[in-house]
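S.K.: Each chain is listed here by its residues.
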Amino acid sequence: MQTGPGDNEIIHKVLQGEQAQYALLVNRYQNFVFTIALRYTPNREDAEEIAQDVFVKAYRSLADFRGESKFSTWLYTIVTTTCITFLRKKKIPIHSLDNEQVFEIADNQNSAFRANQVEQKSKVQVLNDALRLLSVDDARIITLFYQAEQSLEEIGRIIGVDPNTAKVKLHRARQRLKEKMEKHFSEEVKDMVG
Amino acid sequence: MSNQQNMEERLWSYLDGVCSGEERLFIDQLIATNLEWKTKYQELLELQDLLSHRLELDEPSMRFTQNIMEAISKHQIAPAAKSYFNKRIIWGIAGFFICTIIGFLIAGLAQINWSAASADSSTGINLNKIDFSKFYNSTYTTVFMMVNVILGLVLLDMFLRRPKTEVRGKK
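In order, the protein sequences belong to chains E and G.
Letter 165 of the first sequence, counting from 1, is numbered 145 in the working numbering, and no numbers are missing.
Letter 54 of the second sequence, counting from 1, is numbered 56 in the working numbering, and no numbers are missing.
Please note that the accuracy of each hint is not assured.
Stated by the list, open to error - With a straight-line cut-off of 25 Å between C-alpha atoms, the simulated PhoX-like cross-links for lysine-lysine are:
#1 Lys76(G) / Lys(-7)(E)
#2 Lys50(E) / Lys(-7)(E)
#3 Lys103(E) / Lys70(E)
#4 Lys103(E) / Lys71(E)
#5 Lys158(E) / Lys103(E)
#6 Lys76(G) / Lys103(E)
#7 Lys50(E) / Lys37(E)
#8 Lys70(E) / Lys37(E)
#9 Lys37(E) / Lys103(E)
#10 Lys76(G) / Lys163(E)
#11 Lys42(G) / Lys163(E)
#12 Lys40(G) / Lys37(E)
#13 Lys40(G) / Lys158(E)
#14 Lys103(E) / Lys42(G)
#15 Lys69(E) / Lys76(G)
#16 Lys158(E) / Lys42(G)
#17 Lys103(E) / Lys163(E)
Just so you know, these hints were derived from the structure itself, not from any lab.
Please read these numbers as outputs of a predicted model, since none were measured by experiment.
This is chain E alone, in the form it adopts within the complex:
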């Protein structure tokens, strides 16, 4: 839940020259931005660099925020474009939604991971691990919907599709997440249900 002054109020103050107020926005959204960036790159340092870049870009373009959408929606649009630019610069391939290779890579990663796995997993761990096995597109849409609390219309605006397509993408992402949980963590899932 958001406490303190509203985003638009803070933005107004920043635009009036109160630069320090921007720290409130950074504190409010840093975890969301960082988590979305981590969906694109598993490297925490890279994700932090992206997140910093996002906040600097957002600050510089703050006058362009017209308040037609939520500040968070506008900010997550910047996250998406910054992540793609960053990965292109670093020449890290951006896997598309239907790229089967992603799942092969993920499955291989998981086999290695399972070999070292000794401890019993908690529900949250299973979920987070399964999320890491998803493609960027799937993980991003789940993060935007559940963690960043964006509506289907807002997600559509962020990723550049219509709300109906966003709904279908979200549905498929959840389906694949469920499959991953069942395939790779079936024992843990059984324990949870039982």
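Assemble chain G onto chain E, guided by the hints.
M.R.: What follows is chain G alone, placed relative to chain E:
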């Protein structure tokens, strides 16, 4: 398989609260009476609950905010894009090109021998046989076009210069 997918899709819409009232009532009924629907609903509800309440956000380093505040202290907020995209300039450029195209069309059409074309109408229009070079090869047409282009560029220049002059005047 497709029935199963359809069931999941409808249940997700139900759980997300994006289905219609009628559909909601229908699914309520299915969950209450059909064991397969009930089992699937509970399975998806469990996942929905996990995703909604148990997913954790990752946190950046402790110095994150401080780093950003230091970084932005070197930057200034750029003026809003609409302040430097002057609509008058855009309309001026669009107008210039429209006028030029219309000018070329009028000049071209004015030189077509319409009576000859109508006399030979039984054969239909064969675009390959039209010699377009004939329409634009007179000195008069060339001069007309050149004057048009120069006038257009002068007009464009005036539009582009005006805001700068106004800003300087205000200072």
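S.K.: Does each hint fit the structure? Answer for all of them.
M.R.: Structure-based check of all given hints:
Distance check on the hinted pair: Lys76(G) and Lys(-7)(E) sit about 18 Å apart at the alpha-carbon level, within 25 Å; holds. Under the criterion of a C-alpha separation no larger than 25 Å, the hint pairing Lys50(E) with Lys(-7)(E) is consistent with the structure, at around 17 Å. With a C-alpha separation of about 34 Å, the suggested pairing of Lys103(E) with Lys70(E) is violated against the 25 Å cut-off. Distance check on the hinted pair: Lys103(E) and Lys71(E) sit about 35 Å apart at the alpha-carbon level, beyond 25 Å; violated.
For the proposed pair Lys158(E) and Lys103(E), the alpha carbon gap of about 13 Å is at most 25 Å, so the pair holds. Taking the CA atoms of Lys76(G) and Lys103(E), the gap is about 44 Å. The hint is violated against a cut of 25 Å. With a C-alpha separation of about 17 Å, the suggested pairing of Lys50(E) with Lys37(E) holds against the 25 Å cut-off. Proposed proximity of Lys70(E) and Lys37(E) is supported: the alpha carbons are some 19 Å apart, at most 25 Å.
Between Lys37(E) and Lys103(E) the alpha-carbon distance is near 36 Å, which puts this suggested pair outside the 25 Å criterion. The suggested pairing of Lys76(G) with Lys163(E) is violated, with an alpha-carbon distance near 50 Å, which exceeds 25 Å. A distance of roughly 17 Å separates the Cα atoms of Lys42(G) and Lys163(E); the hinted pair therefore holds under the 25 Å criterion. For the hint linking Lys40(G) to Lys37(E), the alpha-carbon distance of about 48 Å lies beyond 25 Å, and the restraint is violated.
With a C-alpha separation of about 17 Å, the suggested pair Lys40(G) and Lys158(E) falls inside the 25 Å cut-off, and the hint holds. Note on Lys103(E) and Lys42(G): the hinted pairing holds, with a Cα-Cα distance of about 19 Å set against a maximum of 25 Å. The straight-line distance between the Cα atoms of Lys69(E) and Lys76(G) is roughly 24 Å, inside the 25 Å bound, and the hint therefore holds. Taking the CA atoms of Lys158(E) and Lys42(G), the gap is about 12 Å. The hint holds against a cut of 25 Å.
Restraint check for Lys103(E) and Lys163(E): satisfied, since their Cα atoms lie roughly 15 Å apart, inside the 25 Å limit.
Figure legend: structure checked against the earlier numbered hints; hints not met, in rising order: 3, 4, 6, 9, 10 and 12.
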